[in-house]
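Given the structure of chain A, go ahead and fit chain B onto it with the hints provided.
From first to last, the protein sequence lines are chains A and B.
For the working numbering, count along the first sequence from 1 and bump the result up by 83.
For the working numbering, count along the second sequence from 1 and bump the result up by 83.
Don't take each hint at face value.
[Claimed, not checked] Derived DEER-like restraints, expressed as beta-carbon distance ranges:
(1) B:Val100 / A:Pro128: 43 to 49 Å
(2) A:Gln187 / B:Glu120: 17 to 23 Å
(3) B:Gly178 / A:Thr186: 23 to 29 Å
(4) B:Val100 / A:Val226: 25 to 31 Å
(5) A:Arg108 / B:Ser107: 28 to 34 Å
(6) A:Pro128 / B:Ala176: 26 to 32 Å
(7) A:Ser163 / B:Ile215: 40 to 46 Å
(8) B:Arg108 / A:Ala165: 40 to 46 Å
(9) A:Gly178 / B:Gly178: 25 to 31 Å
(10) A:Ala169 / B:Lys220: 41 to 47 Å
(11) A:Glu224 / B:Ser180: 32 to 38 Å
(12) A:Glu224 / B:Lys220: 37 to 43 Å
(13) A:Ser189 / B:Arg96: 37 to 43 Å
Everything labelled a hint here was simulated from the structure, so no lab data went into it.
Built from N, CA and C at the ideal position, the CB exists for glycine as well.
Given next are the chains, with one letter for each unit.
Number of protein chains: 2
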Amino acid sequence: MQSSLSVITVGVRDLEVTYAFYSSRLGWETAQYVPEEVIFYQVGPGLLLAFFRRDHLAAEAGPMGEAGAAPVTLGHNVGSPAEVDAVLAEAAAAGGSITAPGTQMSWGGYSGYFTDPDGYRWEVCYNPGLRIDANGKVILEVVEAAAAGPVPAAASDQPG
Amino acid sequence: MQSSLSVITVGVRDLEVTYAFYSSRLGWETAQYVPEEVIFYQVGPGLLLAFFRRDHLAAEAGPMGEAGAAPVTLGHNVGSPAEVDAVLAEAAAAGGSITAPGTQMSWGGYSGYFTDPDGYRWEVCYNPGLRIDANGKVILEVVEAAAAGPVPAAASDQPG
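Isolated chain A, as found in the complex (with noise of 0.2 Å):
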């Protein structure tokens, strides 16, 4: 099995509150929206983020639980502290709801999330340790820990 997702699939309990949120109110396009059944986003190169009506897929996939609770976050990420606070603003004006503001993390980045309208938890966030070179491939780097967070325990083992 190749290490490949195509797909993001969450199940949602009413497609038309989905649609006003992501696209009436974020301005996202759909890929394809079939009314009553599931509304598909691009979400990034060859990806989908799929809403599906819960009940359907919950018959396909088995009994599912709550999406609120759901131990998942949706990283969105976004190339500064201040564009951070200025997504999180966006998605509460938009009806979401921000369940932890902006807030400088231990590890060197900069985060916040908002919840969707069905509870789906988006994680905004800044890394600076993050970079996506022309191919698409993810460098991550471990950045100097912020003055308030842990210090890593390693220590170089290259001379300065």
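Frame of chain A; chain B shown alone:
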């Protein structure tokens, strides 16, 4: 807010179990592994799947239910029904649980489900109506429904 998803983060109970399943048995290369904290895998251009210590994820993002109950599925697309069956067999051999065998779907595709050690559901799917162009744009077309499935209600407006 752009329609962009950079990271899917899921909470897990024991990262060593996660590593054993995805890396040791399925052969996935890690993008970053911080023992007892997080494992990142690259699962698409610019896209990460993060397995994060469940208690730490809950501390950051709020109270969470069980992985297996999450109304979320991770979609792994492949090129044919035979590949669906092969990936399901591979996942089962690696210790995953097949929760739905490969099945001809009413919408024209073929898919099955397995769960990972925490209970996260992967849908392994062949979708003949989905293609990705050279720029990574996803094109979704309605597929002629399978014989056993419901026939789309809307008549074609194009003369045959």
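* Asked: Which earlier hints turn out false for this structure, listed by number in ascending order?
  -> Result: hints 1, 3, 5, 7, 9, 10, 12 and 13 break, sorted rising.
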